[in-house]
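Q: Those protein sequence lines, which keep their order, are chains A and B.
Just so you know, we're using our numbering here: the first sequence kicks off at 3 and counts up by one.
Just so you know, we're using our numbering here: the second sequence kicks off at 43 and counts up by one.
Hints in this document: simulated from the structure, not taken from any laboratory.
Given the structure is predicted, the values throughout are model-derived calculations rather than measurements.
Where a beta carbon is used, it is the ideal one built from N, C-alpha and C, also for glycine.
Mixed in with the good hints there might be a few duds.
[What the hints assert, rightly or not] One-sided excerpt, in silico: chain A residues whose CB lies under 8 Å from chain B:
no.: 1; residue: Asn156
no.: 2; residue: Lys187
no.: 3; residue: Leu193
no.: 4; residue: Leu195
no.: 5; residue: Asp197
no.: 6; residue: Arg212
no.: 7; residue: Ser214
no.: 8; residue: Asp219
no.: 9; residue: Phe247
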Amino acid sequence: MPANALIHLMEPGVRGGSGSPLVSIEGAGTYRLGSNALTVGLNNLSTEVSGSVVGMCGVEAPVLVGANFYTQIYPSWNAIPRFFQVRTTWQRLENEWQLLAPIQQDDLSGELPSVLNLTRNVNVIHARATSNETGLIGEILGTEALTRFSELRNIEAGWNFGEGLPMSSAAESNFFLLLSRLPEKVPNPRLFLMDDGAIELQWRNSLNERVSVVSTDDHFELFAPNADEARFALTDYQKLIEAAFGPSVGA
Amino acid sequence: MNRAPCGDEEDLIRGITSAHYEQGDISGKFFAGSKLSVNRLCITDLQISLEIFKRKLTNPEKGVSLKGYATFNHSNLKDETVRYVSQNKDMAADFRIIVEQAPLSDNLGHAESSSRSCQ
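Isolated chain B (complex conformation) (with noise of 0.2 Å):
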């Protein structure tokens, strides 16, 4: 099923977890994959995003616990995705990671990045 994208100018929020993050350090794929869970700041403003992460990233009893957030701009994804595959020889051209509108019914804002060939 096609998603909608989420909009160029929308700002992005994801959750920081334990797994993600060590001593001041944060994954340098933290943004890269798909699926990867997201809200977007325009459904979800930062404190309900917040609630919302709290209540499904800490969960002592797999392993994990939310360490903190990061927000980002739609467009500078992409921008950032283009600039890693330029400098990338084995990595497809057209390669893109775009974010999209995934909502559930108990997080309207929810969205997952998709990553894709343009071909």
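Chain A extracted, bound-state conformation (with noise of 0.2 Å):
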């Protein structure tokens, strides 16, 4: 904001608001996942997906001559441990990859959920629930942010002269994503939600700076003090990190 706005507070009002319902796919039918990012909640129940999730295959899977099939393991998920394992199967029709389907919870292993990349043209699947996110928000930002949390949750649609939009789903899994990259607790961290559904982290470094990070349906934007980047794309989280705590604590 302006360096020289002033800002004047009033008496505390009142917050309230239902809960909003968790996304999940199903039913039969091919998920042509493209270029756009396919989110999911597993909302602690058990859907079902025949059918198949269609998306090409990246440069960065493997290219197996002459094979029509082939399982692909994510390790790298699993080194971490707030992160899902993901199983998948690919079979090769014509020259398009194709992940089989359904990917159930069987193929997903870990502790908690969280965004899954799992080829360049696949994208993302966000994969969360909601006890899992609980125990996320109050392991990184502590109890009383998971309060806040659940009250910008609620907020509806129309709540800023008729046209804020309530919390995003892909901003939420975004935001669950940086969550489970961050090394260390956020000191008394602040939450807002944006007019766009978009949702800020926010912070004060060791020097007392103000230090923001925005979590988007597609992208983070960093507010930090002498930072020479504003915008990172979801995949470049690590940088984002080190960019808002220091390279010694994204490393």
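Using the hints, build the complex out of the two chains.
A: Laid out in structure tokens, this is it:
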């Protein structure tokens, strides 16, 4: 905000609202990811997806000459306990690799859900479960932040001059991606909801300077003293963390 | 539709809701973005602007309440934007935020921020 803006505070107000449902996918069909992200809520319910989740295999996937099937396990996701390990089986049809469906809960392992980058082209599958999200916020941000996050999540559309958006599910998933990658607790965190449904996490660094990271639907934004970049791709979260906390923390 | 920008010397006011405010701290993006609603103090003075904010931003059924307000000068906002852009190499050098007049039937002092590149 402008450095010379004047801020005036009023008496405490009333907060409230009802809970919002989690997103899940269910049913038969082909889920073509293309260049879009697929958001899946594992809201502690078992949903069944038949058909296939389709996306072209990116250059990062192994090229198996003459093979039509392969099973890939992404062990790196298991290296960080907060992440799932994912097991996927791919089938090559003509020139296109297809991820055989369904990705079932049996294919996922790990203590907490988060974002899984499968390949460059399949992009991101967001998986989440209420209880584990709660644990993640409590672990990284503390119990006060849990209450605050719940309040922000309950804010309904039209909250700001009739136009403010509710918390975006994609932004929420990306927020949890960020939390799951933070190497340490954030001191005295503040949480805000943006008019476009994005989530801002703010804290003060050791010099008492304000640092903010905004999780949007498709990227992160950093507001920090001396930061020379403001926008980070979702896949650049490590770079973002280093810029926000310092290289020794992000390493 | 092109709208007329507010004058550089105008003082503007923006309501602070509970979504933007927590325990003494305010969102770092409080003034960033497009289509953010503000009021022009030369049209609706402080008292009238606050009455409008209380009516439009105190919204318990939607989960928000009015926590305060911020006043700022339009030219200062533009200067801050230029300063911020100059510090960030991944932003277009000509990126600007301005506030445009957007009067409503029940709020003649209403205005909205608009972000744009000059090119």
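Q: Now tell me, hint by hint, if it's right for this structure.
A: Hints, one by one, checked against the model:
1. Asn156: With Cβ-Cβ at 5 Å, under 8 Å, it holds.
2. Lys187: Violated, because the Cβ-Cβ distance from A/Lys187 to chain B comes to roughly 17 Å (cut-off 8 Å).
3. Leu193: Hint holds; A/Leu193 Cβ to chain B Cβ min 7 Å, cut 8 Å.
4. Leu195: 4 Å, holds
5. Asp197: Interface hint status for A/Asp197: holds (6 Å vs cutoff 8 Å).
6. Arg212: 6 Å, holds
7. Ser214: 4 Å, holds
8. Asp219: 14 Å, violated
9. Phe247: 16 Å, violated
When held up to the earlier numbered hints, the structure conflicts with 2, 8, 9 and fits the remainder.
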